[in-house]
Amino acid sequence: MTVIIAIWEVISKLQLFPTFMFPPLIIPNDPGGVTVMKTLVDGIISGQILEATGITLGRLLIGFFIAVVLGLTFGFLIARYKWVDDTLGFFVTALQSIPSIVWFPLAIVWFGLGNVAILFIVAIGATWTMTVNSSAGFKNVPSIYIDAARTLGASGPHLLRTVIIPASVPHIISGLRVAWAFAWRAIMAGELLGASGGLGYLLDLGRSIQAMDLVLSIMIVIGIIGTIIDSQVFLRMERSVARRWGLRT
Amino acid sequence: MKVDLNKVNKSYTKGKNDSLHVLEDIDFSIKEGEFVSLLGPSGCGKSTILKLIAGLSHPTSGDLKVNGTPVEGPGTDRVVVFQEGGLFPWMTVLENVTYGLKIKKMKRVEAEEKAMEGLRMVHLANFTNAYPHELSGGMKQRVAIARALVMDPDVLLMDEPFAALDEQTRLILHQELQDIWQKTGKTILFITHNIREALTLSDRVLLMSTRPGTIKQTFNVQASRPRNPSDSIIVDLEKRVMAELEEEMNKVLKEEFGDDYRYKTDSVRDRDNSDMGSHI
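Chain order of the listed sequences is A and B.
The first sequence maps to residues 48 to 296 in this note's numbering.
The second sequence maps to residues 9 to 288 in this note's numbering.
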C-alpha cells in the first residue's frame, strides 16, 4: 500500500503528465496545489462528498431492497412450481448474463432520466443473482427437515417461515452478498451516465471539469464503502450463521 | 389394533411403462403398547413402510389405518425419529423440542416445562441452550427422541435411529429406550438392519425380504425384560434370523454381481457382529 502510494507520488512529481491528469495523493506538487487527500477532506468537510454518498446509498438501499424481495419471491416460486422453473427459471439464467447497464437505454425511455431509471437498473442488476441463489437455497433444503417438521404438525406458511426459509439462510446470505456487489456496480454505472446527485454524478463532474483529484477521491470513497459493507455486514452475517450452524468458516 | 396394514402396495413409476415395485402386499398390525421391529437389508423398503405410516408418502394400493382411521397425511399422533440430522441446526435444543408443542398452540411456559421433562427423560436437561452441532451423535438422537416424546404420539416411528452411532453409545441407548418404553407404554415401530438390535428391543420382529419388499417371517421375542443380548433366547433367535437372511443375501448378491457369485453358507452366522453389512 505504502509502496503504491510512493510510486504514484514519484510519477506525479516527475511531471510526465500534467498535474490535473495525474494529481499527487498527499504532497502537493506546487505550494498550495491540489492533492487527492486535500480534495477528499475538503469534500467531506463541505458536505459535498457526504451528501453524494448519502444519495447514492439511499438509491442503492431502495434498489437492493426491491431486488431482494423480488429475488426471494421468484426464487421461491421457481423452487416450488415446476412450470415456473421451466419458464422463468430458464429465462433468469439468460437475464443474469446481461450486464445491468445494458438496460439503461430502455430504462431512460421507459422512466425518463432520473431516480426511477437508476433504481430500475440497480434492482434489475441484483434481482437475477438473488433469484438464482435463493431458488438454489429453497431447492436444497434437506427433505429430512421438511419431513420432520411435517410429522411435528407444521404445514403451509408456518413450515415456510420456521423451516424452509431458515434452512436456506446460508444460500440466501451468499446471494445477498453477490447481489449487493452487482447493485453497487449498477448504481455507479447508472449515476455516471445520467443522474443528478450521487457519487457517480460527482465522478462525471470531475471528468467534465478535468479534476482528477476529485475523481480519485470519489474512487477512494467508493472503495472504502464497498469494503466496509462487505466485511462488516455480509462477512459478519456469513460468519455468525456458520458459527451457529457449526459449519466451517 | 393401533396400526393396521392390509395388502399395502407401493410402486414408483420411473419413466414410461416402467415401474419399480417397492412393497408387495404388506400385511401386519401392531397392538397398543407393542414394540415391533422391521428388520431387513438396505433397500428392502422398510423405511418406505415407515413413511407410509407417517403419512409422508401414500400407498399405491391397500389399507393403512392408525387408531382405526385411514392415514391421509402427516399427523402428530405419529411422530418420527429419523436416522440422523433430523434436528433443525438453526434452533437450540430447547427450541427443537418445543417446536411441535408450539404448533399445538401450547403456551410457551408450559411448552418449555414439558420440553424440560422430555429432556430430563433422555438425560440432557443441561444442554437446553446448545445447538445441535455442539452435541455428539448420541446426544442428538436423545434430543430427537425427546422431541418426539413430548408430542405424546400414539405411535412412535423410529427410522434406524441408532444406525450412525458407535457400538457403546448404541448399547446405552438401547437400555434407555427400553426404559422409556416401559415408563411411557408407547407403541413403537422400530426400523433397523441390525439383527441384534431388533431382537434386543422388540416384542416382535418382522423380517423383510427384498425386491419387491415383503414380510418374509415374523419372530416373537419372548425373552424377559430388561433384555440381555446374551440371553439364550435371543442368541438362538439370532441364529434363526441369520439362516433366513442368508437366502435373501444370496439373492441380492447374485443380482449385484451376476450368477457366478455363490454366497458361502454359514459364513456370517458365527461372526460376532450381527450387522448385515449395509454400512460398510
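Think of the hints as simulated: they come from the structure by calculation, not from any bench.
In this text, a Cβ means the ideal position worked out from N, Cα and C, and glycines have one as well.
Just so you know, not all the hints are guaranteed correct.
Calculated from the model, a selection of chain B residues having no Cβ within reach of chain A, i.e. all distances over 12 Å [stated by the list, open to error]:
no., residue
1, Leu102
2, Thr136
3, Asp174
4, Phe227
Under 10 Å between C-beta atoms, here's a sample of chain A residues computed to sit facing chain B [to be verified]:
no., residue
5, Phe138
6, Asp194
7, Ala195
8, Pro204
9, Leu207
10, Thr209
11, Leu250
12, Gly253
13, Arg286
14, Arg290
List time: in silico DSBU-like cross-link candidates among lysine-lysine, alpha-carbon distance up to 35 Å [what the hints assert, rightly or not]:
no., chain 1, residue 1, chain 2, residue 2
15, B, Lys115, A, Lys129
16, A, Lys186, B, Lys224
17, A, Lys186, B, Lys191
18, B, Lys191, B, Lys122
19, B, Lys113, A, Lys186
20, B, Lys59, A, Lys129
21, B, Lys113, A, Lys129
22, A, Lys129, B, Lys39
23, A, Lys129, B, Lys112
24, A, Lys129, B, Lys191
25, A, Lys186, B, Lys39
26, B, Lys247, A, Lys186
27, B, Lys112, B, Lys22
28, B, Lys224, B, Lys191
29, B, Lys122, A, Lys186
Exercise for the section: Would you mind confirming whether the straight-line C-alpha gap from Lys129/A to Lys39/B stays at or under 35 Å? Expected result: Not satisfied, since the Cα-Cα distance of roughly 42 Å exceeds 35 Å.
Exercise for the section: Verify the proposed pairing of Lys115/B with Lys129/A, using a straight-line Cα cut of 35 Å. Expected result: violated, 39 Å
Practice task
Could you let me know if the closest chain A CB is still more than 12 Å away from the CB of Thr136/B?
Solution key: Fine: 16 Å to the nearest Cβ keeps Thr136/B off the interface.
Problem - Interface hint status, Gly253/A versus chain B (Cβ within 10 Å) - result: Violated - the Cβ of Gly253/A stays beyond 10 Å from chain B, reaching only about 47 Å at its closest.
Exercise for the section: Given the hint that Lys191/B pairs with Lys122/B, test it: the Cα-Cα distance must not exceed 35 Å. Expected result: Holds: Lys191/B and Lys122/B sit about 16 Å apart, inside 35 Å.
Problem - Agreement of Lys224/B and Lys191/B with the hint, judged by alpha carbon distance not exceeding 35 Å - result: The given pair, whose Cα atoms are some 32 Å apart, holds under the 35 Å limit.
Exercise for the section: May I ask you to check that Phe227/B keeps its beta-carbon over 12 Å from the closest beta-carbon of chain A? Expected result: holds, 28 Å
Practice task
Could you check if Pro204/A really has its C-beta closer than 10 Å to a C-beta on chain B?
Solution key: Interface hint status for Pro204/A: violated (12 Å vs cutoff 10 Å).
Exercise for the section: Using 10 Å as the Cβ threshold, decide whether Leu207/A counts as touching chain B. Expected result: It is violated, given that the least Cβ distance between Leu207/A and chain B is near 13 Å, above 10 Å.
Practice task
Tell me if Ala195/A is really an interface residue toward chain B, meaning its C-beta lies closer than 10 Å to one of theirs.
Solution key: holds, 5 Å
Exercise for the section: Mind checking the alpha carbons of Lys186/A and Lys191/B for me, to see if they're no more than 35 Å apart? Expected result: Violated: Lys186/A and Lys191/B sit about 41 Å apart, past 35 Å.
Exercise for the section: Take the C-alpha atoms of Lys122/B and Lys186/A, compute the straight-line distance between them, and say whether it is at most 35 Å. Expected result: holds, 34 Å
The earlier numbered hints that this structure contradicts are 5, 8, 9, 11, 12, 13, 15, 16, 17, 22, 24, 25, 26, 27.
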